[in-house]
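Starting from the given sequences, assemble the full structure and let the hints guide the process.
As a plain string of letters, each chain reads:
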Amino acid sequence: SQQGEEDPQALSIQEGENATMNCSYKTSINNLQWYRQNSGRGLVHLILIRSNEREKHSGRLRVTLDTSKKSSSLLITASRAADTASYFCATVNNFGNEKLTFGTGTRLTIIP
Amino acid sequence: EAQVTQNPRYLITVTGKKLTVTCSQNMNHEYMSWYRQDPGLGLRQIYYSMNVEVTDKGDVPEGYKVSRKEKRNFPLILESPSPNQTSLYFCASSRTGPYNEQFFGPGTRLTVL
Numbered sequence: 001s002q003q004g005e006e007d008p009q010a011l012s013i014q015e016g017e018n019a020t021m022n023c024s025y026k027t028s029i030n031n032l033q034w035y036r037q038n039s040g041r042g043l044v045h046l047i048l049i050r051s052n053e054r055e056k057h058s059g060r061l062r063v064t065l066d067t068s069k070k071s072s073s074l075l076i077t078a079s080r081a082a083d084t085a086s087y088f089c090a091t092v093n094n095f096g097n098e099k100l101t102f103g104t105g106t107r108l109t110i111i112p
Numbered sequence: 001e002a003q004v005t006q007n008p009r010y011l012i013t014v015t016g017k018k019l020t021v022t023c024s025q026n027m028n029h030e031y032m033s034w035y036r037q038d039p040g041l042g043l044r045q046i047y048y049s050m051n052v053e054v055t056d057k058g059d060v061p062e063g064y065k066v067s068r069k070e071k072r073n074f075p076l077i078l079e080s081p082s083p084n085q086t087s088l089y090f091c092a093s094s095r096t097g098p099y100n101e102q103f104f105g106p107g108t109r110l111t112v113l
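As given, the protein sequences belong to chains W and P, one line each in that order. 61 is the number that our numbering gives to position 61 of the first sequence; each next residue is one higher, with no gaps. 25 is the number that our numbering gives to position 25 of the second sequence; each next residue is one higher, with no gaps.
Incorrect hints may appear among the rest.
Covered, in the sense of this in silico footprint (three residues per stretch, anywhere, with C-beta under 8 angstroms from a C-beta of chain W), are these stretches of chain P [claimed, not checked]:
(1) 53-66
(2) 105-113
Taking lysine-lysine pairs in the DSBU-like style, the calculated list, with each CA pair at most 35 angstroms apart, reads [what the hints assert, rightly or not]:
(3) W:K70 x P:K57
(4) P:K71 x W:K56
(5) W:K99 x P:K71
(6) P:K57 x W:K69
(7) W:K26 x W:K69
(8) P:K65 x W:K99
(9) P:K65 x W:K26
(10) P:K71 x W:K26
(11) P:K57 x W:K56
(12) W:K99 x P:K69
By construction, these hints were calculated from the structure, which means they are not laboratory data. All of these numbers come straight from a predicted model, not from anything done at the bench. Backbone N, C-alpha and C define an ideal beta-carbon position, used for all residues, glycine too.
Shown next as structure tokens:
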């Protein structure tokens, strides 16, 4: 089963609006990462948040992490057409293996 | 330019015909891994390598082999491909492990007939 599950699976918003997508995971983690994938291309790292952090910002991106609820959210403010992509969260559990597990992703469409 | 390269980018083959997908990185990264991406299933890790001669299974290793003889290369081998291995494959690398930013290759779209 997937360690991370994104919600919603798909999201369409008007350009200029904010987009929020969520990620839930099952086990305790070391950190959580968010990636973007433009159609069929390789993933691009967006932001990493450590388990002892609650919020992190990078440009128009804001990530929160709630370890008690085992969830994270990615907020993209003032969306642009170029933000149209799939977004994935990825986690590494604290069990000592070195596996990075991705969620199933949220497909974001920005309507011009 | 720092990058991860994969070859071939597209491949159509037939069941049982051995194939190798190459992956190379020029960033002196220690950690490398392979993923497959299927609709509705996200990315699933096939194998990973913490360093030269050190490899380990990911979540879906069946039907695949890997080797890490040099730091920069991490080929994925399908000894006897089957149609259920039709997928989009990605190689990735990072400085020291899964806790770091991963750099992805452009992907290899494989079709097994």
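Results for each hint:
| no. | hint | result |
| --- | --- | --- |
| 1 | 53-66 | holds (count 3) |
| 2 | 105-113 | holds (count 4) |
| 3 | W:K70 x P:K57 | 25 angstroms, holds |
| 4 | P:K71 x W:K56 | 33 angstroms, holds |
| 5 | W:K99 x P:K71 | 19 angstroms, holds |
| 6 | P:K57 x W:K69 | 29 angstroms, holds |
| 7 | W:K26 x W:K69 | 9 angstroms, holds |
| 8 | P:K65 x W:K99 | 17 angstroms, holds |
| 9 | P:K65 x W:K26 | 29 angstroms, holds |
| 10 | P:K71 x W:K26 | 33 angstroms, holds |
| 11 | P:K57 x W:K56 | 32 angstroms, holds |
| 12 | W:K99 x P:K69 | 20 angstroms, holds |
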